[in-house]
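Colleague: Read top to bottom, the protein sequences are chains E and H.
First residue of the first sequence: 30, per this note's numbering; consecutive thereafter.
First residue of the second sequence: 155, per this note's numbering; consecutive thereafter.
There may be inaccurate statements among the hints.
Below, computed lysine to any residue pairings styled on SDA-like, alpha-carbon distance capped at 20 Å [unchecked claim]:
{"no.": "1", "chain 1": "H", "residue 1": "272", "chain 2": "H", "residue 2": "296"}
{"no.": "2", "chain 1": "H", "residue 1": "282", "chain 2": "H", "residue 2": "294"}
{"no.": "3", "chain 1": "E", "residue 1": "212", "chain 2": "E", "residue 2": "200"}
{"no.": "4", "chain 1": "H", "residue 1": "272", "chain 2": "H", "residue 2": "211"}
{"no.": "5", "chain 1": "H", "residue 1": "272", "chain 2": "H", "residue 2": "295"}
{"no.": "6", "chain 1": "E", "residue 1": "226", "chain 2": "H", "residue 2": "299"}
{"no.": "7", "chain 1": "H", "residue 1": "166", "chain 2": "E", "residue 2": "49"}
{"no.": "8", "chain 1": "H", "residue 1": "308", "chain 2": "E", "residue 2": "223"}
{"no.": "9", "chain 1": "H", "residue 1": "306", "chain 2": "E", "residue 2": "212"}
{"no.": "10", "chain 1": "H", "residue 1": "174", "chain 2": "E", "residue 2": "35"}
Keep in mind that the hints were calculated from the coordinates and are not lab data.
Just so we're clear, the structure is a prediction, and the values are computed from it rather than from any experiment.
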Amino acid sequence: MELEEMQAVWSQMSDQIEKQKKLTDKMIIMMTQEQYRKKLNKIAYPEIIGAVICYSVAILILFNLEKLDNWYSLVSGLISVVTLLVLPVLSLKWISKMRNINISGNSYKETLIEYTKGKQRFKKSMKLGYYLGFVLMFVIMPVSSKIIKGKDLFTETKSIWPIVIAIPLAIIFFFVFTKWVYKSYTGSMNSAEVLIKELEEKE
Amino acid sequence: MAKEYEFTQIIKDHEGVIFKITTIYTNNHEDQKDLYQEIVYQLWKSFDNFRGDSKISTWMYRVGLNTAITRLKKEKRKGNQIGIDQVIMKQTDQYDTEFEERLKILYAHIHGLNELEKGLMLLLLEGKKYEEIASITGLSPSNVGTRISRIKQKLKTQIVKK
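Isolated chain H (complex conformation) (with noise of 0.2 Å):
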């Protein structure tokens, strides 16, 4: 019972990290509410051999891109989900609608990243420093570096395609 209450106030207390991952893998609402469940399952499954050797919120990060990437991709889903739809964002009840074109943007030139990419630009995006990053990805945070300094080239490239 008390590993539970500790999972449960983990999570809690870091849903927000899950839900970020879940908009940057995925492009619909099922497949994100899908995607949410599996990163919760994984980090339950994983939550034993976390002993605190690294951060929570490395630990967290670490297994939610792995889940991301790892994930066997199914069609068509039709098992009973629980309703996470409360705790999946809904924009427009949120936000004005020049900001929810921003996001747009910003979700249309993350999507146009590799998965390599995608997963650095997250990390970059939440302030992580390069060694954390690195601690994360398993990249040096010299290599972290030369990424992240392609990625900006590639994002301006897309500004001027566009």
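Bound conformation, chain E alone (with noise of 0.2 Å):
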């Protein structure tokens, strides 16, 4: 379909809108009000319960420090206890700023620089909380088995075989989990450094 084409079905198109006028006064000012309260439930909800379960159980081992009587738990209870405060952040960060993009007074150009770089900060700190959850997975066992039912995981478990199977299976689904992570964020990681590039291109 050639430009000239595309204009004049979008033209007819534009016609056949302005015939068929629907709005009245009271569906405008409803959508403005339910909108807004769709777009609090939007950021309350799946963020704020994320963020307050990581914040509990990082609490948690906190006023548990006692506890973890031996070094490697110690420094396994404070490794879970950092990456809990930092994985909420990660999305919570990116969602805050997205918000707060000037979208009356921008450009289309300046929003659209904004937002792809905004997007790309979110994939790459995403990319890290994968990473993170990854390493939690781990530190926080010997601190939950620890808090939980008073145990050392490495000294009191009666037998080793769990945990000599679950290393290498650790590492194999690591390695396959790298893969998945770096090949679902290469290729949109590359479409918008193309549209940056493209957009602070001089004039």
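Dock chain to chain to rebuild the complex, using the hints, since each chain is given by itself in its own frame.
Modeller: Take a look at the structure:
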């Protein structure tokens, strides 16, 4: 379809739209209010619930630090606390940044640059988040064993076989996982970089 | 009350603009309805800042396009939505099959463009002059011209491929 033909189709469609205007005052006012409520919900639930869980677990570990009575449990405990504090910040920070884009003041170009850069940073931090989550999965095991059961996972476990099997499996899983994360992000990151480069070209 | 009245009149006068932006930036009916409401909401939010420094349509395109690209996409939306089904045009009720087919082809071409090109294409199809496109997008008029030439080239390549 040539551009001229596209313009003709577009113009015909525009005429049809003009003929069937149906918005009422009430609908418009309701839309602004409903959307306002929905916007609050969008931010509120998933992100805040995740953050509350992470911070609750971090506080629980901090209150039970005295139970982590050997160096490796203590180190694992501190790594877990730092990870649990950092993880929610990664996504909340991006959401708040995106919400602060000046939609009415910015030009399309400025918004596109700001949004694409923000999205790139978000993807990088999510990638970091996946790795941190993976680390957390392991470091929290000796910590929870100590805090919940009062047992040292390494010295007081009856059989070492579960650990011997778990470690190689974890390493294999980690390699597969890393490859998947890399594959998921590389494509979209490249196209974002091309777009930013194009927008920032000197006119 | 006067502010609300003024706002609703502006939206009613330009509802077609919002509709057309939503068709370009979404792929399904649910997303389209959601974006439609989001744009109306953002226009309402920025209405106080709009003091007639620019044309109403320029302000609307700017807010509409910016909203479309910065919208935080959600996989599932269960919130109650205002019944704007009546507003969103049901093409099958309005058009003959041939026109519908041409419209589908047009959308397919537009959806194949990147975010920047989509915005430029929309404004071009709306019959905007390069100067107005430049004031909405923040590009210079000459740059708008260059990019539109590239889009035309891209569209021709798409046709050849098909």
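Colleague: For this structure, which hints from the list above don't hold up?
Modeller: The structure conflicts with hint 9 only, although it agrees with all the remaining ones.
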